[in-house]
Structure formats: structure tokens, C-alpha cells
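Enquirer: Letter by letter, the chains look like this.
Number of protein chains: 2
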Amino acid sequence: MLYYCVGEMVVHMPKSDYISISVIKRLPRYYRYLGELSKSGVYRISSRELAGIMKLTASQIRQDLNCFGGFGQQGYGYNVNDLYNEIGRILGIDTELKTIMVGAGNLGQTIALHMDFENKGFDLIGIFDRAEKANGRSIRGVHVQDINTLDSFCKEQKPVIAILCIPNDAARELAPKLIELGIKGFWNFSHYDLGVDYENVAIENIHLGDSLMTLSYRTNDIIKSAK
Amino acid sequence: MLYYCVGEMVVHMPKSDYISISVIKRLPRYYRYLGELSKSGVYRISSRELAGIMKLTASQIRQDLNCFGGFGQQGYGYNVNDLYNEIGRILGIDTELKTIMVGAGNLGQTIALHMDFENKGFDLIGIFDRAEKANGRSIRGVHVQDINTLDSFCKEQKPVIAILCIPNDAARELAPKLIELGIKGFWNFSHYDLGVDYENVAIENIHLGDSLMTLSYRTNDIIKSAK
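Just so you know, the sequences run in chain order U and Y. The numbering of the first sequence is our numbering, which starts it at 1 and goes up by one. The numbering of the second sequence is our numbering, which starts it at 1 and goes up by one.
No lab work stands behind these hints, which were simulated from the structure alone. One or more hints might be untrue.
Label pairs and their calculated CB-CB ranges [said to hold, decoys possible]:
| id | chain 1 | residue 1 | chain 2 | residue 2 | range |
| --- | --- | --- | --- | --- | --- |
| 1 | Y | R140 | U | S225 | 28 to 34 Å |
| 2 | Y | S152 | U | L113 | 31 to 37 Å |
| 3 | Y | Q63 | U | N168 | 24 to 30 Å |
| 4 | U | I19 | Y | N119 | 37 to 43 Å |
| 5 | Y | P176 | U | G52 | 16 to 22 Å |
Not the full set, but computed from the structure, chain U residues with beta-carbon under 7 Å of chain Y [what the hints assert, rightly or not]:
| id | residue |
| --- | --- |
| 6 | S22 |
| 7 | V23 |
| 8 | I24 |
| 9 | K25 |
| 10 | L91 |
| 11 | L107 |
| 12 | H114 |
| 13 | N119 |
| 14 | G121 |
| 15 | A202 |
| 16 | E204 |
| 17 | T214 |
| 18 | Y217 |
| 19 | R218 |
| 20 | I222 |
In this text, a Cβ means the ideal position worked out from N, Cα and C, and glycines have one as well.
Isolated chain U, as found in the complex (with noise of 0.2 Å):
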């Protein structure tokens, strides 16, 4: 348990077997605005106070973190860096995934570059593209590889993340090998929806594309509705 009694109540919910995906979805959320809270100096922050900065209601914060086990108690609030800890710890942060990219393009590159893999529960340890691609590069400090060593490297280093830099056909045709290789999540910015295929594999699937034409959707709509 995170929270330790010293009010007169502690809220203190049994944790739920099942916690549904949009709860999941929401944690980063809370993990981010409490790491910010954390920074300010914040020490405690009421459901109330925070459900004000994230725009949502004391009583879905209450429920959400119920569903993890008991945070916070009537009166108090919540202890804001015991609760960003534990929030952290619930999301794995710590678990150090053995990670691989697929693909070192442009794109690739720079989500190699440009996230912060280790703080956030992964460890990139190789990356791979076709031999012509490869070419001595490092991303990261980390060696591009020749594509054709992807089945050895993994069935030495056991990795469980891979993520996919890849256009639509390649991602199609390399993920049952990937999955039978040991790979457990997809990080895919590849235009194949990935999770029609599969089933107990962790995907995320982050279509650029799609959320660039819903913006166009939307804005198109906003600027009619304003006429």
C-alpha cells in the first residue's frame, strides 16, 4: 500500500482484477501532471484540485486510482510525489524492456533520438535496417544492424519490445516473424493497423495520418460552423 493513515478515514478500495484500457490510457496523464506538480513543490493536492488542472471530475480521479488500490484519504488528499512514484511503478517505468527498432529512416532516427526510453520502462538495445541502410551507422550509441541478423540477435538478447519504422507492406510481413521471435509489444508507426492481426501482443498504433485527416476533419468543420 502506498498511503499510510495518519487522518481519521482511509480511503482504501481493494484493487480491481480487471482495469479497463481507457483507465490504463489515462495513467500517463496523471503520471505526467503529478511529475509536474512534484517539480512545482506540491506536496499534497486534494481530487478536487487536481481533477481542476486536468479538466476532468474529483470523483473519476477518486474512481481511477481506486482501481489500483488505495491513494489518498478524506481530508488529506493525496501525497503528490508518493502517488507519482507509485503511478510510475504501476506503469513499469522501472522494468527496463529489453527494446528493438526496426527501421533507421528518417523517422526512426528520430524517435530514437528524441524519447526518453529509459525513463519510461524500455531499454533500446539494437536497431535494424536493410545492410545498405545499416552502413556503420549509431543512433544513440546504439549499432544500426543488418536486417538479416535480426533472427540471431533475438533469439540471443530475447527482447520484448520492437518498434516499427517501417512502411505498411514491410510492418505486414514482419510482425508474425517478430512475434514468434519473442516480441510481446509493437510500438507501431508503421500505416498497418497492426492490432487486427493479433491477439495477446501490447500494441499502440501511432497513425500520424489518420490524426492529421481528423484534424482536417475538425478544423474544416470549425471554420464552417463559423461562417
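Since the structure of chain U is already known, use the hints to place chain Y on it.
Expert: Only chain Y this time, still in chain U's reference frame:
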């Protein structure tokens, strides 16, 4: 109306005034799948067949598309190419929304190079960064300008979309100014939750860090439950 009656019964529902965000968010995916089908020479498709490919139910597909007026007809299905073009039109891919990008570091540069803006309804007309980073560079044929020229540029060119590839604090500071300058839609790559503070502005947040942490949680969950 997209569809001409050639069969016995035309399913033509009135266009809804209010379309839910979840339907809108599915449209780009329909667009992608129909584009691929059209490229592979598929001329028509039933809602059942499309549902099978997209892992949706046929009734959900019919319901989604009925929000936008009548497509398809019983016993015939959808004309793939017509539906593709019509969804593209609904998404506004022919609208050439004037777009600026703020932040031309690694991420900004890659986004500018990687995205197929022209075919998604956007016209990238300006890129801005601090003077020392702008430094005479061009990306995708667009000159990178000193951020100090942003005001005059927006007043003259009237862009409506801003792509933010800048840090949290810079995004928070710049957003109200951009809205004042006429920006109606944001493609936001910063950690800042832009949607929280503004209304009547279209916002697509790409929170890569949140996605990565969700992936960490879910992958750890799968690994644990396999043990």
C-alpha cells in the same frame, strides 16, 4: 449524394447534424482501407466483407457511414472508389488548409519531411524557429524563419493550422497567441495538453510519451499473465 440507384432498394439515411468524435476518428481508417482496396482493383464490397477486413461489425460500418448520408445499397454493397473519394471529401483532403510549423528541431524536421501534407488537406506555408536555429535553412522547400516574424507572417498569410514541435512550456506560452492570430487547429507534439484550456479549436495531441508508457504497462501485463 454519392450513390446512384441501380438496385431495388437504396439505403439512404438522412445526414446527421451531430457526428460523434469516435465516428470521425474512424473515418481515416475507412479511408486507408478503401484506398488499399481500390489500389488492388476491388470495385465493390459489401459491408460484411469490409467488416471482416477491418475487424468491425457490418452494422457498425453501416451505422458509421449513414452518419454522412446514404452510401451503398442492399444486395450491391459499396462502390469502393466512390466511397473512398467521398470519405476523402468529407475529411477535407482537398481543402489545402494553410499550415505553419513551429519548432524545426529533429522532430519538426522529420514530421515536415515525412508527412504527405498535400494529400491530406494541408498546405505547409511556413516553418518557424529561434533565429539561431532558423539560420537560413529550408525544409521541404520551405524556408525556416525567425520566430520573431511569426506575427507579421500570420497577419499577412492567415494560416489556420499550427503544428507544434516545441517543448511543453513553449507550447503553453505560444498557444493563446496563435489562437489570437487566427489558428483554428493544432497538431500538437508537445507534452502540453492543449485541449484542456481552449474551446472551439480543433486539437490533435500526439503524446508519444504517454503512448510509450501505455505500451510499457500493457506489455508488462502480458508478460506477467504468461508466467
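Enquirer: Determine for every hint whether it applies to the structure shown.
Expert: Verification of the hints:
1. Y/R140 x U/S225: 28 to 34 Å: Between Y/R140 and U/S225, where Cβ atoms are some 31 Å apart, the hint holds.
2. Y/S152 x U/L113: 31 to 37 Å: 33 Å, holds
3. Y/Q63 x U/N168: 24 to 30 Å: 27 Å, holds
4. U/I19 x Y/N119: 37 to 43 Å: 39 Å, holds
5. Y/P176 x U/G52: 16 to 22 Å: 19 Å Cβ-Cβ, so the 16 to 22 Å window holds.
6. S22: 11 Å, violated
7. V23: Violated. Min distance 10 Å.
8. I24: 6 Å, holds
9. K25: Status holds, d = 6 Å.
10. L91: 5 Å, holds
11. L107: Holds: closest Cβ of chain Y sits about 5 Å from U/L107, inside 7 Å.
12. H114: This hint holds: U/H114 lies near chain Y, its Cβ roughly 5 Å from the closest one there, short of 7 Å.
13. N119: 9 Å, violated
14. G121: Nearest chain Y Cβ about 4 Å off; hint holds.
15. A202: 4 Å, holds
16. E204: 4 Å, holds
17. T214: Hint on U/T214: holds, closest Cβ of chain Y at ~6 Å, below 7 Å.
18. Y217: Holds: closest Cβ of chain Y sits about 5 Å from U/Y217, inside 7 Å.
19. R218: 4 Å, holds
20. I222: At 5 Å from the nearest chain Y Cβ, U/I222 passes the 7 Å test, so the hint holds.
When held up to the earlier numbered hints, the structure conflicts with 6, 7, 13 and fits the remainder.
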